[in-house]
Structures are given as C-alpha cells and as structure tokens.
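Number of protein chains: 2
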Amino acid sequence: MASTFETKATIATFGGKLLKLSHKSNATQTPMDVNLYLPPASNDRKVPVLIFLSGLTCTPQNCSEKGFFHAAASKAGLAVLYPDTSPRGADLPGEKDSWDFGEGAGFYVNATAEPWKKHYNMETYVTRELPEAIFGAFADKLDKTRVSITGHSMGGHGALTLFLKNPGMYRSVSALAPICNPSQCPWGEKAFGGYFGAGEKSQWAGSDATELVRAKLKSGEKLPCLIDVGTGDNFYNQKQLLPENFERAVKETGVEGVEVRYQPDYDHSYFFISSFAEDHVQHAAKYLL
Amino acid sequence: MASTFETKATIATFGGKLLKLSHKSNATQTPMDVNLYLPPASNDRKVPVLIFLSGLTCTPQNCSEKGFFHAAASKAGLAVLYPDTSPRGADLPGEKDSWDFGEGAGFYVNATAEPWKKHYNMETYVTRELPEAIFGAFADKLDKTRVSITGHSMGGHGALTLFLKNPGMYRSVSALAPICNPSQCPWGEKAFGGYFGAGEKSQWAGSDATELVRAKLKSGEKLPCLIDVGTGDNFYNQKQLLPENFERAVKETGVEGVEVRYQPDYDHSYFFISSFAEDHVQHAAKYLL
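So the protein lines, in turn, are chains S and L.
Residue numbers 46 to 334, in our numbering, belong to the letters of the first sequence in order.
Residue numbers 46 to 334, in our numbering, belong to the letters of the second sequence in order.
Be aware that a few hints might be false.
[As the list claims (entries may be wrong)] From chain L, some residues computed to sit far from chain S (all C-beta separations above 10 Å):
(1) N88
(2) E110
(3) Q248
[Stated by the list, open to error] Calculated cross-link-like contacts (lysine-lysine; reagent style BS3-like; alpha-carbon spacing at most 30 Å):
(4) L:K91 to S:K111
(5) L:K331 to L:K246
(6) L:K65 to S:K111
(7) S:K111 to L:K210
(8) S:K65 to L:K210
[To be verified] Reference excerpt, derived from the structure (chain S facing chain L, CB under 7 Å, subset only):
(9) T52
(10) A54
(11) I56
(12) T58
(13) F59
(14) Y311
Treat the hints as calculated values from the structure; they're not laboratory data.
Since we're looking at a predicted model, the values are computed, not measured.
Every residue gets a Cβ at the ideal spot worked out from N, C-alpha and C, and that includes glycine.
Chain S extracted, bound-state conformation (with noise of 0.2 Å):
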C-alpha cells in the first residue's frame, strides 16, 4: 500500500476489511475522507470497485454504517469505495449555513463560480484524482479495470450524471431515490445556481442526468442502468427527485436498458439503502464479474 493515504482505522467485517482513508487533495485543496470496503477475496486476487455516491449531509461513514453494502459485497467478491460528499474545512463565506448547499453537499461537480471553484471540484475528485490515487494505493488489491458506480440521493444524481459524461469509464450504474432532473427541482437549482450561477443554464444542463440522456444518448443505446425509489419518500413526493422525467428522456431517446422500480411505502433512510443494497451490488456485479 503506498503512502498517499493514512489508514485511520482497519475494522473486520463481513469477512472483510473496512478501511477508513484520509488523503489529502488537488482538486478541493482539503483533507478527504474515504472509505474503501475490501472483500474476503482481495485477499487472493484483484476484485472489482463499485464506487457508493452519498446523499446530502453524509460522509463516508454513514453508508458504511448503515447501509448494508458489505454483506453482497463479500459475498460476490467486490470492493466498495465511499467518497465524501465535498470538501470539509475550506472555511468559505456561508459554506456551513445551508444543509443542502456547501459542505455535504458538493454536488459532485466542478463549480466555476467564486468562492466555490477553488474548493468544489468533487466531479475532478471522484472521476480523477480518488480512482488514481486508490488504485495507486492498492494495486494488488483493486481491478482499475472494472469500476461500477451507485449512489443516493445526491449521489445518485452524481452516480448517473458522472456515468453519462465519462463514456467507459464505468462498466454498469444505479441510483438509489436520485435526484434525476436537479434543473427542475428547488435542491438543484440552489446547487447549481450557487455553483454555477444562476444564469448559467448550459452548465446546469451538463450536469443534469435527465438532460444528459437527451443529449447524448441515442435511440437503441444501452443504459445500463436500476434506479429504486420509494413511493413513501419524502422527498420524492416533494418532487426533489422527479424519476418520472427521467424515465421520459429514456423514453423519448429511445434509450434500452434502463429499469426504474418503484418499492411501496419505502422512505428515503438508510432503511430504504440497505433493503436494496444487494439488489444494487447484484446488478453491478453482472457487469463487473
């Protein structure tokens, strides 16, 4: 294991290793915590990473805890990384006033409006700088070869936007509850507009995985793509989340593969994550083994 990353902690579970990360990045100019779940099977051989994206006021810590990934991922033999949701301790003007804005909440974009884009550079962090850094790290461990992607929330919307823009990059990718057309709903827009700015609609369709699907998706292409939604989320009934135009841009392209499950009563908690947890490492897994 190189030196690039301090292990803050190594916890046995599930027959595996959870590894608590701290390495400090280009691209926020902060300290970042990861978490990097190795399953038993790294232990013989290079295993495939399916990369967790988290929602809004999450660190690494709260998937890892709660979120139930780990109990499919050793059994099917694949390692999950769980970056931060932003950078933390950039002491920017108000970065702290807003739970869904600023820090936890970085969008998983590179902001280009002051002060943000010094720090908030989390699409360069998460597509860049964490994948060569940990498959650095931990070459005899991780198959930089075969990457999936998931998320919640936030960090579905970053898992689906990140996957469109990065052709090849990902092998398969799934969202828990995302927030799938954020131009449209008041959490994007207060992410966006501080962002990005608020007239800069070209850039929020960039990093709009709705938009996304309209603009480079064509008829016949395969998404490989399950998005699960409860129809008791908060949020989803707030319309922060609006799969359903979603699902129309898939429609109308053309696009195939696509399966978006919508689960009763199901809320937006970790109750919600770890109930399909495995489902969602069992889709990546058919692309990743």
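Put chain L on the given structure of chain S with help from the hints.
This is chain L only, laid out in the frame that chain S set:
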C-alpha cells in the same frame, strides 16, 4: 392493535415494517421506547419473536439501524423486538453521570438497593411486562409460544441470564460479545454493586451467567446457546467479557449444546454485530420454526 402502545413511526424495510413504539411501564414507572420489526410473513400468519437486548449506552434505535437482523429475519419469517436498555427520565441523582451505570445501563436486573429499586426493574420489564403488552397488542401477528432471546455485550449478559433464570420462557439463546461473568469484571462490579449493594454477593451470583450455569444446570443438560466474540474486541481484551469463564462453567458442569466462537480481528461494534446477525437469526430459527 391495542392502544397500549403509541406508534411513533412505521418504516418499510427489508420487505417488512419496523415499528417505533412507546408505552408506559409499571415496572420502571417511566415511558419506555421499544422497536418491533414485523417480517412480511406476519401479514399472513403469526410469526415467532426474537428479542434483542442491546448493550451499554444503546437505545432501541442502534441495532434497528446498524445490526441488520432484519435482512435475515425477513427471510426466516421472524419478528425482532428491541427493548430499551434502562428506564429513562426517572431523574435519580447520579443517573446520568456514567455511561456504564444508570441510564442506558440497566443490566436487565431488578435493583434492590436505593435509590434504583423504584425504577430499575428491567428484568421484570423484559420478561413479564413487555411480552404481555406486546403479545396483547399484536396478538394477530406474533406467536407468544415461540420466543428466543439474544443480545450484545450487556445485552448478551441479559440474554444469557434471563434464559437461565426462566426455564421454558425462551426456546434458544445467543449472544454477541456478552458480559459472561459480571461478578468478576469492572462493569459488573460497578453495576451489581450499585443495583444490589456491594455486599450482596448472593444476588450478584443470581444474575451472573457463569454462576447460573453452575447453580441451575446439570451434567448432560442441553443449553441451546451460540456465542460469538471478536478477538480484536477491546472490552474482551480488557477482560470485561470473560467468555472463557462461561465456557469453563459449561465444561465443568457437563452442559451440552453450547457453541462459543472466537472471530478473528472483529471488534465490539455494530460492524461485528451485523456481520454475524444472520447466524444468530438462523440459530434462533432452528428452535422457533
């Protein structure tokens, strides 16, 4: 459902429902929170119940969120009942001064010393009052003739002692990192000294799993018991748990059916509990189904 319980939340998870309940307890003279997981099978027929007793500082929420008993309980068709770890709000002097005594640390005994004996009657609460209330309120969903018990740390002590003190009440017992010989460890000495009095050693022995094996069981008798302990558990290594003393009592008494497993590297946390939750559900299911 009878009106003895107030339902604070109903959460869809793993195909079933987690109910966050509250009721007034005569045993503790306080309101008591309790969680109940109902598997999907409980819609069609009465299901057996596995009681999970939590460890020091915990509420019914910790294991409900991080223990992942629901994944296996859903498949097996078991309900899981999570009592709290002590009365709360009794407002006794010193009740909140320690994390290992008083609030969050009731040790599943009936206190006999002042000022604790008015409220700290968790043994009566868990073995009499709560079952009567829950099987009354959920008479159409729960089978009161099929109950097993398990727990973690202080709750493992509770599971082992309540099983041994109440022949016929539970069909099986298991424990994760249990306090096995509280009379001989700092946690137990503090708790029993407080709840019973420093000199009341016969009462100490009457709530000590290792002593109960010697006092209650005979050679050849069957104790349907599974115990897991992590070798990286700091409390195990500090000799708070003393599973070897329990094993010695089992061996010297000639009791059969006890399996104690030492799990390499695992710690005392929910990362450990969740890793073996399925095994403990399946252990109970062998006797309940």
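Checklist entry - Among all the numbered hints in the text so far, which are the ones the structure does not match? => result Numbers 2, 5, 7, 8, 9, 10, in rising order.
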